[in-house]
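With these hints in hand, go ahead and build the complete structure from the sequences.
The numbering used here puts the first residue of the sequence shown at 1, with every later residue one more than the last.
Keep in mind that the hints were calculated from the coordinates and are not lab data.
A couple of the hints might just be wrong.
Cut-off 20 Å, straight-line C-alpha distance, at most; resulting in silico cross-link-like pairs (SDA-like, lysine to any residue) [unchecked claim]:
(1) Lys-242 <-> Asp-219
(2) Lys-44 <-> Asp-146
(3) Lys-307 <-> Asp-146
(4) Lys-109 <-> Val-342
Per label pair, the in silico range of CB-to-CB distance [as the list claims (entries may be wrong)]:
(5) Arg-313 <-> Asp-268: 28 to 36 Å
(6) Arg-256 <-> Thr-366: 35 to 43 Å
(7) Asn-353 <-> Arg-256: 31 to 39 Å
(8) Glu-187 <-> Thr-262: 39 to 47 Å
(9) Asp-41 <-> Asp-268: 31 to 39 Å
(10) Asp-214 <-> Arg-7: 24 to 32 Å
(11) Pro-45 <-> Pro-153: 20 to 28 Å
(12) Glu-208 <-> Gln-281: 49 to 57 Å
Even glycine gets a Cβ: it sits at the ideal position worked out from N, Cα and C.
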Amino acid sequence: MTTWLVRLDPPAIATGPRVAVKDAIDIEGLPTTAACPAVGDDAKPALADAPVVARARAAGAVFVGKTNLTELCRPPDGVNPWTGTPRNPLDRSLVPGGSSSGSGVAVAKGEADIAICTDTGGSSRLPAACCGVAGLKTTAGRLPLDGVFAFAPTMDTIGAIAPNAAGLAQAMTLLEPGFTTTPYDGEIARLRLPDVTVDPAVDQAVDEALANSDSNVVDVPLTGWLRAGVAAGLIINAEGYKAHQHLLDGGRMSDRVRDWITRGKYLDDEMVADARELGRQFRTQLDVLLNRYGVLALPTMIAPPPKLGDESRYDFTALTAPVNLAGLPAVALPLQPTTGPVPPSLQLIGPPNSESSLLSLAATFTQ
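Structure representation (structure tokens):
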């Protein structure tokens with residue numbers, strides 16, 4: 001049972017949406033393991049719901065279980081040697097994407113209407129893109145992270161996965177009381193990134209979806225995306241080591257996750273400060289474009305998801321991690337299928353706290 005780490009029986013009479021919760025977020029009475037023995041071996045039942053879970057419960061969510069993920073919310077491919085790798089329902093030979101692998105698979109298989117998860121460098125958007133559903137990364141700081149296992153605290157955000165944009169809007173009503181969508185009437189800047197190579201078929205699918213939209217779309221070149229991704233990775237590694245170095249002593253984890261945590265040991269304060277300054281400059285670049293156009297558009301992934309066993313050669317977070325560095329909200333949306341089993345995914349980025357209009361615009365892109 002690799003999609004779920006815990007299954008919950010819903011009440012006999014339940015009318016609310018079926019909600020899965022990534023096992024990096026506390027549900028009262030259940031341990032939070034982060035799908036890694038270094039944490040799970042000593043995990044005790046949570047004494048209270050995480051605030052985002054408590055809000056969803058109060059809004060009528062019906063919790064159906066805790067979903068699998070990659071160890072410590074770190075690997076972006078969805079592969080976990082301890083708890084198993086959830087099988088991509090579109091093609092079992094392909095990776096499911098991570099870190100919220102079980103969340104993406106549960107929604108894609110129709111076993112949950114909504115999944116509440118996290119997004120540090122693409123953890124909600126990547127499994128959504130790999131499994132042909134929709135994913136949301138919220139604005140940094142908009143939703144509380146109390147009761148959430150954080151790999152890199154300044155990069156972590158609450159995320160959600162649902163079948164489509166309407167489902168993501170419903171997720172936001174659970175996560176934030178009073179949330180409603182508002183119409184979007186601005187332009188869209190189609191980002192062209194000279195320093196990132198994207199599969200031509202993916203680029204074409206995004207271009208066609210934008211061309212068929214009701215918005216005015218403007219091609220905009222943007223340099224510095226690759227450097228922003230490097231800076232994001234450096235911060236994630238530095239914060240990961242600071243937060244989790246205690247797990248290295250005797251804690252059971254895979255060699256690759258141990259290596260990722262250990263890398264942060266060699267990043268000094270000046271390097272991290274430089275990365276954060278680059279992040280501020282990058283955010284300023286994006287703010288200028290957002291003030292002019294309203295929304296930025298690009299693919300979610302550089303190519304279709306790789307096969308299991310080939311994941312080490314794929315740059316999963318090339319198009320997602322810079323958004324975390326900037327702290328902006330983003331939506332990943334499945335487009336019309338092309339030649340393979342997995343539809344290309346469109347990523348829309350909005351200004352801070354623009355989820356209301358961003359999800360309204362996203363709903364106009366239907367699969």
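Verification of the supplied hints:
With a C-alpha separation of about 40 Å, the suggested pair Lys-242 and Asp-219 falls outside the 20 Å cut-off, and the hint is violated. About 16 Å separates the Cα atoms of Lys-44 and Asp-146, which keeps this hinted pair within 20 Å; it holds. Of the pairs offered as hints, the one joining Lys-307 and Asp-146 is violated, with about 35 Å between alpha carbons and a cut-off of 20 Å exceeded. A hinted pair counts as satisfied when its Cα atoms are at most 20 Å apart, and Lys-109 with Val-342 qualifies at roughly 14 Å.
Separated by about 30 Å at the C-beta atoms, Arg-313 and Asp-268 satisfy the suggested range of 28 to 36 Å. Checked against the given bound of 35 to 43 Å, the beta carbons of Arg-256 and Thr-366, roughly 38 Å apart, stay inside it. Between Asn-353 and Arg-256 the C-beta distance comes to about 35 Å, which sits within the given range of 31 to 39 Å. Taken as a hint, the range 39 to 47 Å holds for the pair Glu-187 and Thr-262, whose Cβ atoms sit roughly 45 Å apart.
At about 32 Å, the CB distance of Asp-41 to Asp-268 agrees with the hint of 31 to 39 Å. With their beta carbons about 42 Å apart, Asp-214 and Arg-7 fall outside the hinted range of 24 to 32 Å. Against the hinted window of 20 to 28 Å, the Cβ-Cβ separation of Pro-45 and Pro-153 comes to about 23 Å, which satisfies the hint. Checked against the given bound of 49 to 57 Å, the beta carbons of Glu-208 and Gln-281, roughly 33 Å apart, lie outside it.
When each numbered hint is compared with the structure, violations occur for hints 1, 3, 10, 12.
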